[in-house]
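Trainee: With chain E held as given, fit chain H onto it using these hints.
What follows is each chain in one-letter form.
Number of protein chains: 2
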Amino acid sequence: MAAANYRGAGAGGGAGGAADAGSSTEKWWQVHLFRGMVNDLRRRAPFYMSDWVDAWDYRVVPATVYMYFANILPALAFSLDMFTRTHSNYGVNEVLLSSVLASVVFSLAACQPLVIVGVTGPITVFNYTVYDIMAPTGVNYLGFMTWIGLWALVMHWILAVTNSCNWLRYVTRFPCDIFGFYVACIYLQKGVQILVLQGDAAPFYLSTMVAALVFAIAYFCGEISKSSLFNHYVRVFIQDYGTPLTVVFFSGFVHIGRMKNIGLEYLPTTASFFPTADRGWLVDFWNVRVSDIFLAIPFALLLTILFWFDHNVSSLIAQGTEYPLKKPAGFHWDLFLLGLTTGVAGILGLPFPNGLIPQAPFHTEALCVTKVVHDGDEGGDNKGHWQLKRTHVVEQRVSNLAQGLLTLGTMSGPLLVVLHLIPQGVLAGLFFIMGYQALEGNGITAKILFLVRDRTLTDKANPLHKIKRRWVLWLFIAVELIAFGATFAITQTVAAVGFPCFILALIPLRALLLPRIFFPHELDILDGPTASPFTMESVGGVHGALVTPEHDVTGTEDELFGASSSETTPRRAINGDESGNGGILSGDGQDGSRAHELAELGENRSVRLSEHRTRSSSAVAADNEDAASEARRLSGVSRRHMGKV
Amino acid sequence: MAAANYRGAGAGGGAGGAADAGSSTEKWWQVHLFRGMVNDLRRRAPFYMSDWVDAWDYRVVPATVYMYFANILPALAFSLDMFTRTHSNYGVNEVLLSSVLASVVFSLAACQPLVIVGVTGPITVFNYTVYDIMAPTGVNYLGFMTWIGLWALVMHWILAVTNSCNWLRYVTRFPCDIFGFYVACIYLQKGVQILVLQGDAAPFYLSTMVAALVFAIAYFCGEISKSSLFNHYVRVFIQDYGTPLTVVFFSGFVHIGRMKNIGLEYLPTTASFFPTADRGWLVDFWNVRVSDIFLAIPFALLLTILFWFDHNVSSLIAQGTEYPLKKPAGFHWDLFLLGLTTGVAGILGLPFPNGLIPQAPFHTEALCVTKVVHDGDEGGDNKGHWQLKRTHVVEQRVSNLAQGLLTLGTMSGPLLVVLHLIPQGVLAGLFFIMGYQALEGNGITAKILFLVRDRTLTDKANPLHKIKRRWVLWLFIAVELIAFGATFAITQTVAAVGFPCFILALIPLRALLLPRIFFPHELDILDGPTASPFTMESVGGVHGALVTPEHDVTGTEDELFGASSSETTPRRAINGDESGNGGILSGDGQDGSRAHELAELGENRSVRLSEHRTRSSSAVAADNEDAASEARRLSGVSRRHMGKV
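So the sequences go chain by chain: E and H. Using the working numbering, you'd call the opening residue of the first sequence number 79 and step up by one each time. Using the working numbering, you'd call the opening residue of the second sequence number 79 and step up by one each time.
Just so you know, the hints here were simulated from the structure itself, not pulled from any lab data. Just so you know, not all the hints are guaranteed correct.
[As the list claims (entries may be wrong)] One side only, chain H facing chain E, incomplete, derived with CB under 10 Å:
| # | residue |
| --- | --- |
| 1 | T286 |
| 2 | F293 |
| 3 | R336 |
| 4 | T348 |
| 5 | A349 |
| 6 | H452 |
Where is the CB? At the ideal position from N, CA and C, for every residue including glycine.
Bound conformation, chain E alone:
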């Protein structure tokens, strides 16, 4: 069933996905049901107590405050969208309650409590597209949505028990970067849309001015936190509270002086705790035609594809290689929980919550403890060259829970009034800064910046320098930007509801098509696993970019590299001990080298077995688990992914 879903997605949106999946469908019943979920729980359970004890850390406070603003304000903007376009079926309280539900469930029960879950842009689009399609048929809209939720619950659970998350090993930086880029641009677009709606008189210009100022000040707070101004604690304070305080300040600012006479638009709010529409919290989903119940299945399938991708990608990015995480991940179990919240949200008539980008990685970032590392100043002659290094992440459940409870508190009357004081211009400014920050941390941006940077002024240690064929870098970025452009374009049309298939097709595109164009050692530098092998234990280890084509693709080396194979030596390097293979997995310190050999061993084994992947995936997971847990035991060092610049 897992494979069937996957194949369905591949056939719907992209090339080559079906061929890959086809070889494994006949043996799907040999899947070790529940194995992924059980292993997730087995790995994570020992850390459960520490998740609460470790929360006794100051970093939880700023992370909570920032997440509260970064979660609730965009959610309110989305609620405004849905309110207008679903004829008041969804409103502020539904969106807030959905966030609260997700926060409580995931902070208490998830294997990955760092992942912030809430109402995203794509689900907003999904909701009103379904409304556009189904409302003319006279269907009970919320009842229909409930059935979508219930079907999706079933599908999520099937995907969870059949260990479908093992496919995540193919979700490299490539689709994650494209999706992250897409979401960031959606945020920027949303900001512009909000401003455009302010008319063409004083409120518009005041809103634009405020949005520009919010962006500028939040930007400078970010710059200060990266500069050498003040001391470390002041910089961290500015980084932590810069954006929230800016939002608060400008919400007050527009009420002073001559500005108070300008009729600004504020955030929309309604009566506290009640559904927006005139109904109880329980949706009358039994008042739906039987035919409509079954009509909900294809929508549920699309929703499931969207959530499987979006939630898992959020989890991957929030646990990316750049964060020195020490507690294990658990993708299968969290997918199961996501099914649960989807069903419950459906029954209560709430928009379905899932993993938030960019909030989830922002959350991990906010929980990072950093220190200053002097750079290139050996011999004591401090020339003021330095960089910030993340020493560890405060991994716990409290910040996620607390931001959810704050949101619940916001649903009470007095706080809704306060919320109503925030002008939409401030919201637009917040969207700009969040979009900008998400773009800033994106791998596509990093590669573009690398290309436009003066080559004589860049760090020679940057692995992208190792790519001799400069056009390869351009081509790779072009592929990413085209994929982004297509994704972005499709969500602007009525075909938006089918966009999950499209985005999912990026995975086989990466696994099957790109190795035909690029040398493996190039792909190895250009792309790589999003999360560290340690995090990827949950899904059976990482999928190296370079070893795949030898086993998965049936063509010979000549076919693969026929036209452009002017140099064949680099290809050989990947099987040796040289940089080709070492590039992606080499540890930072010497004591990581044994660990990394072990991890490679596990990884290579998993790839060699890929012809009967579905059967073996869980077995391989177990293999990798052994290798990687020994690796962890030996070193405890999180691996640096050198392809990330």
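Mentor: Only chain H this time, still in chain E's reference frame:
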């Protein structure tokens, strides 16, 4: 006469100036009249042809374009002020013609053709303050201004022939920084004032939005030019044309879309080439009461003090130590020219032009050729640490002349129409970016930034680290900020016309009071000559911060350092070969060391002779000339002023 003027200024505004000047007044007739001017011409004349030949350089183009905008737009803003507050006696055409006059005279005939001369903020204040004072008496205002100009001409010429610019050796970074800080803040204030005048409806908010965007984009152009993005040529292009193109773009921007319906205020213009008031270009200055002719003398004195300080400080900053200049300066001759333009401007009824801050240093900056120097990357491991180094300045007369001729062209009908398309919001944005850039390059800002910077992350080579008594740094900045605050405050009141005396008093304050508070080696780091010894040849060499008190002040060491003399050793260091003395004058390379010894020799001699300075100043100038020109011959290295961070 020079000394008398100086004493008058000192008595008018500050402590201790009179005492210093008093010792030399009785011998003022021993001044070698014309010696400074003749020497200026003698030094500069050999370079006159090269000033035209060297202009065959691309850097002249961006410098001309930038100066055109940076000169004309603020001038127009000032003209708006004067137009309103002098009852239409001064308008756009007077201001433009004044700039043209100054540009032609100074670019053709000055010894320091890099110094951009035009209509400044202080002269605007002066003009309408005189109007406020004199208009109620029913005087012929423009005629009265002519007499001020003519008296000022006489005073300027007296100051020029009596070598008064030799006093400039006491004009260290201290008063220059304060004055530069003041002018930068005036620019920022002016920008805010322009915006405030836009009312409280849509035009106000659109103007503010545009001002913010102009500032932001010009700021990012500046940041890009300092970054490693693109290659050197693209960065230089962005730095050169970023601000002008931003101004042009936003002048068009506000005319598109929904913005074209907003009734913005534009720059005020009038009919081309004619005076604003209904008169010929020649002022009927004979129609002034005889009593009023003599009443003009005190005003002329204030004007002369202002111009002596403002023009010379502009020249000093535009030829600061940070610019690797190779052609000699000539302060006396330029003061003579300034008297000429003041008189001519008076006769034509134009506002009096003088040296522009921050435009003059911006002009030199725009003419600098820079290159990238890799920093701390010895041994070939390029880690991307680098800095920009100015290799030389394109010293010529064409850019100054060309921007003046462009201004003349702007006085023609069609271009006045174009000028009228620039909205005042863009102007405010330009004021913000110019004020910001002036502040960014200011010594006070640099010291404040040093203090708020994380000490563990700063370059240990920064000479400010050598000041052990941290509070000394705070106190020095406090003194500078108080002096700035007082200056700024006084120009907001009716006493504004007396502000030149106040600002001039900073010089004796520095020379006499500060050495009583700070150790010489501290002052040596905190302060120093604005221009290099090479430039200061024109005024008889630099005045070292440290050697003065021993010779000029009669008190003993105990009196000087009585209260705070917990440590006396540092004082001794200054006479040795240690850092105390070397700090301010040491060259960059080894071959500069002989040169610097010679320069010191000359300097020390000049100070020792200070009891009969008026007589000896020109002789010392000759001494220093020998020393410094030998120094130049030996090394050609421009000295780095280590106090500037």
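Trainee: Going through the earlier hints one by one, which of them does the structure break, listed in rising order?
Mentor: 4 and 5
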